[in-house]
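K.L.:
Protein chains in written order, with the UniProt record's numbering: chain A, 1 to 180; chain B, 1 to 180.
It is worth saying that the hints were derived from the structure and are not from the lab. Virtual Cβ for every residue (Gly too), placed ideally from N, Cα, C. None of the hints are false.
Computed, partial: chain A to chain B, Cβ under 10 Å:
no.: 1; residue: 125
no.: 2; residue: 128
no.: 3; residue: 129
no.: 4; residue: 140
no.: 5; residue: 143
no.: 6; residue: 149
no.: 7; residue: 150
no.: 8; residue: 153
no.: 9; residue: 154
no.: 10; residue: 161
no.: 11; residue: 165
no.: 12; residue: 168
no.: 13; residue: 176
no.: 14; residue: 178
no.: 15; residue: 179
Interface residues of chain A toward chain B, partial, derived using beta-carbon atoms under 7 Å:
no.: 16; residue: 130
no.: 17; residue: 139
no.: 18; residue: 142
no.: 19; residue: 147
no.: 20; residue: 169
no.: 21; residue: 174
no.: 22; residue: 175
There are 2 protein chains.
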Amino acid sequence: MLSVAVQAFNERGYDATSMGELAERLGTSKSAIYYHVSGKEELLRLALEHALGNLERLLVQPDVVEAAATERLERVIRGAVHVLVQELPFVTLLLRLRGNTDVEREALARRREFDHAVAKLVEEAIEDGALRSDVDARTATRLLFGMVNSVVEWYRPGGGLTADRLADNVVAMAFEGLRA
Amino acid sequence: MLSVAVQAFNERGYDATSMGELAERLGTSKSAIYYHVSGKEELLRLALEHALGNLERLLVQPDVVEAAATERLERVIRGAVHVLVQELPFVTLLLRLRGNTDVEREALARRREFDHAVAKLVEEAIEDGALRSDVDARTATRLLFGMVNSVVEWYRPGGGLTADRLADNVVAMAFEGLRA
Numbered sequence: 001m002l003s004v005a006v007q008a009f010n011e012r013g014y015d016a017t018s019m020g021e022l023a024e025r026l027g028t029s030k031s032a033i034y035y036h037v038s039g040k041e042e043l044l045r046l047a048l049e050h051a052l053g054n055l056e057r058l059l060v061q062p063d064v065v066e067a068a069a070t071e072r073l074e075r076v077i078r079g080a081v082h083v084l085v086q087e088l089p090f091v092t093l094l095l096r097l098r099g100n101t102d103v104e105r106e107a108l109a110r111r112r113e114f115d116h117a118v119a120k121l122v123e124e125a126i127e128d129g130a131l132r133s134d135v136d137a138r139t140a141t142r143l144l145f146g147m148v149n150s151v152v153e154w155y156r157p158g159g160g161l162t163a164d165r166l167a168d169n170v171v172a173m174a175f176e177g178l179r180a
Numbered sequence: 001m002l003s004v005a006v007q008a009f010n011e012r013g014y015d016a017t018s019m020g021e022l023a024e025r026l027g028t029s030k031s032a033i034y035y036h037v038s039g040k041e042e043l044l045r046l047a048l049e050h051a052l053g054n055l056e057r058l059l060v061q062p063d064v065v066e067a068a069a070t071e072r073l074e075r076v077i078r079g080a081v082h083v084l085v086q087e088l089p090f091v092t093l094l095l096r097l098r099g100n101t102d103v104e105r106e107a108l109a110r111r112r113e114f115d116h117a118v119a120k121l122v123e124e125a126i127e128d129g130a131l132r133s134d135v136d137a138r139t140a141t142r143l144l145f146g147m148v149n150s151v152v153e154w155y156r157p158g159g160g161l162t163a164d165r166l167a168d169n170v171v172a173m174a175f176e177g178l179r180a
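Same shape as in the complex, but just chain A (with noise of 0.2 Å):
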């Protein structure tokens, strides 16, 4: 049910999908959705919840938690690649959230905490001499959100490319850069 909710909401927009529209895609009545669930609000909080969940869960992995800062980076972003391939749906729905409701604004709002994790933790790889420290930390999280994020935009499961791969990309691209 969550499924077809996502992709109701990412295909017409959450406020111009109906519960009568939620309840013709799963070929089910509306009272047979309120069993489940209290309303279109509640699909959107469980959506939400499930991206962010598996984002944050990111940066209390055990071997996360351990590392030096440039590696706990390294495997958040791997790890975010992941989760974006396998909740493309779900994450996508969370990136183009405008923030019209409580709801909307909550998961806002943790995203930006997540964000600001990720931030620090590149700061701390600039402090340990990690990282270089021409680059201001701020702008470096943005830009590498914006590569990360852009997968939601232009990936196609099944297009033969793998997260493994992607991520090993994103990870040379973002580390190491292009050149040869």
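With the hints as your guide, set chain B onto chain A.
P.N.:
Chain B in isolation, oriented as in the chain A frame:
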């Protein structure tokens, strides 16, 4: 008039913006607008032409045409960052297009042509041995655009980060990577 229209399209969405609302924002009448343009669609066409024209010109700068592929690529990326910063609302409109009308679909086709031209530069630079060959050219191009285009989501004019400094950061990260 074009700037006001672009601001309205970005804030409210093109479909949701009426000629009446544009007249109100401009402090004029609908007939006064129709004196200058044939309608909402011509405003959209002119705005997208402005964004696309500025990007396309980057590919035919004299110093870009003559240099090696990797030099040309760097100059196009630097130029694109400047266009994004200087024409932020216009490029934002371009990047958020959904392709619902002929004008939008035409603009999206031109944007794809621009992307292909940049992808060709990446391929040439890899063939020249100037860029690493273990990263897919298409993926690298998409990640490059992901970085550059993300600027419309987070860049705040007057926030202290100049276009030159931002372009330096983008080029440093893309070509040399963040590793110290």
